[in-house]
Every structure is written in structure tokens, then in C-alpha cells.
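Full structure from sequences and hints, please.
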Amino acid sequence: MSAIVSPCVGLCSTTLGDRTCRGCQRSDAEIRDWFALGGDERAARMAELDALREAVAGRYLRLVDAAALEAQLKRHRIRFRADQPGLSRAVELLRVGRERIQELARYGLAPTGQGEGLPAAELHARLAAELNEAAEARRLFSLDERSALDRSAESPSCP
Numbered sequence: 001m002s003a004i005v006s007p008c009v010g011l012c013s014t015t016l017g018d019r020t021c022r023g024c025q026r027s028d029a030e031i032r033d034w035f036a037l038g039g040d041e042r043a044a045r046m047a048e049l050d051a052l053r054e055a056v057a058g059r060y061l062r063l064v065d066a067a068a069l070e071a072q073l074k075r076h077r078i079r080f081r082a083d084q085p086g087l088s089r090a091v092e093l094l095r096v097g098r099e100r101i102q103e104l105a106r107y108g109l110a111p112t113g114q115g116e117g118l119p120a121a122e123l124h125a126r127l128a129a130e131l132n133e134a135a136e137a138r139r140l141f142s143l144d145e146r147s148a149l150d151r152s153a154e155s156p157s158c159p
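Sequence positions in the sequence shown follow this note's numbering and run 1 to 159.
There may be inaccurate statements among the hints.
Claimed, not checked - Taking CB as the label site, the calculated pair distances span: (1) A29 to V64: 31 to 41 Å; (2) L37 to P119: 36 to 46 Å; (3) E133 to C12: 17 to 27 Å; (4) A110 to G38: 33 to 43 Å; (5) R79 to D33: 15 to 25 Å; (6) A36 to S13: 20 to 30 Å; (7) L143 to A36: 15 to 25 Å.
Rather than coming from a laboratory, the hints here were simulated on the basis of the structure.
C-beta: ideal position from N, C-alpha, C; glycine also.
Structural data, given as C-alpha cells:
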């Protein structure tokens, strides 16, 4: 029996009343239902979350050395998945090391765009705020999508 992979980072803010977790960006419903989802559905959701993180982090960072990033993650025992994209990994790195990171280049990262000139702690704060906004938008879109499906299932179809 293989382990069920989860994006959980162990700091679930839904226990504080958030509708989306500030740590993993899943909705409260996704967290509740995670273990009931099939493997393909969990993989699809993980890919969505990685894409969300990459899109937001890409406004601030670019990955210049994937091997250096992975080595630093291992060195500091920061959890990541083998199939996790680099910028999604960078989000985890900043979450854990934001107060200690002095030079992003040592971690295989370079600031770009909105990230130019920001210390790691401020970079993380901005990333976290934008990730929370994006995760909430994703949750609301998912609710709207489910409502539309429910309405179409209730409507009689025309022959």
C-alpha cells in the first residue's frame, strides 16, 4: 500500500476559520475530501496547486539552478515532491527559510520583476498574500463550477 501524497505543510489555517489554507492553498472542502479522492483526481489537484504557485512565484522569481535548489531543500530538510516544479519548491523554501536566506542565488533562484531588491522575508510575505488571493479565487471558481453542474443536472434537457 503506497502513501497518499498531500500538499499539506502541517500548518493548516482552515482550523482558524480560513476557507483556503494559507499553507497548501487547498480549499476547506478539498482538505476534508482529500483522502476520498481517487489517485488521478489528487494528482490533478496537485498539478493545479503547483501551477498556481508557479504562476504567482514567477512574478517574483526565476529558477536558475534546479540542482542547487534541490540540494538546499535536502540540506535544510524541507519537504518536496520529486515531480514538484522548481518554483513551487521555491515557495516551500521561502516559507521555511525566509528569515535566514540572505542570497537567493545560493538557492538556485534569482529575483525578477516584482521581486527585484526584496529581502527574502518581504518576498515571502508578498508571495503568501498573492497565493492566498489566487487560492481563494480558485476555491470560488470551483464552487461556481459545481453550482453550474448541479443546475444543469436539475434542468430538463431538450430532445
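Comparing the hints with the structure gives:
Separated by about 37 Å at the C-beta atoms, A29 and V64 satisfy the suggested range of 31 to 41 Å. Roughly 38 Å separates the CB atoms of L37 and P119, a value that falls within the hinted 36 to 46 Å. Under the hint 17 to 27 Å, the C-beta atoms of E133 and C12, about 18 Å apart, fit the expected range. Distance hint check for A110 and G38: the Cβ-Cβ separation is about 38 Å, which falls inside the suggested range of 33 to 43 Å.
Distance hint check: the CB atoms of R79 and D33 are about 22 Å apart, consistent with the given range 15 to 25 Å. At roughly 22 Å, the beta-carbon separation of A36 and S13 lies within the given 20 to 30 Å, and the hint holds. For L143 and A36, the Cβ-Cβ distance of about 18 Å falls inside the hinted range of 15 to 25 Å, so the restraint holds.
In this structure, every one of the numbered hints holds.
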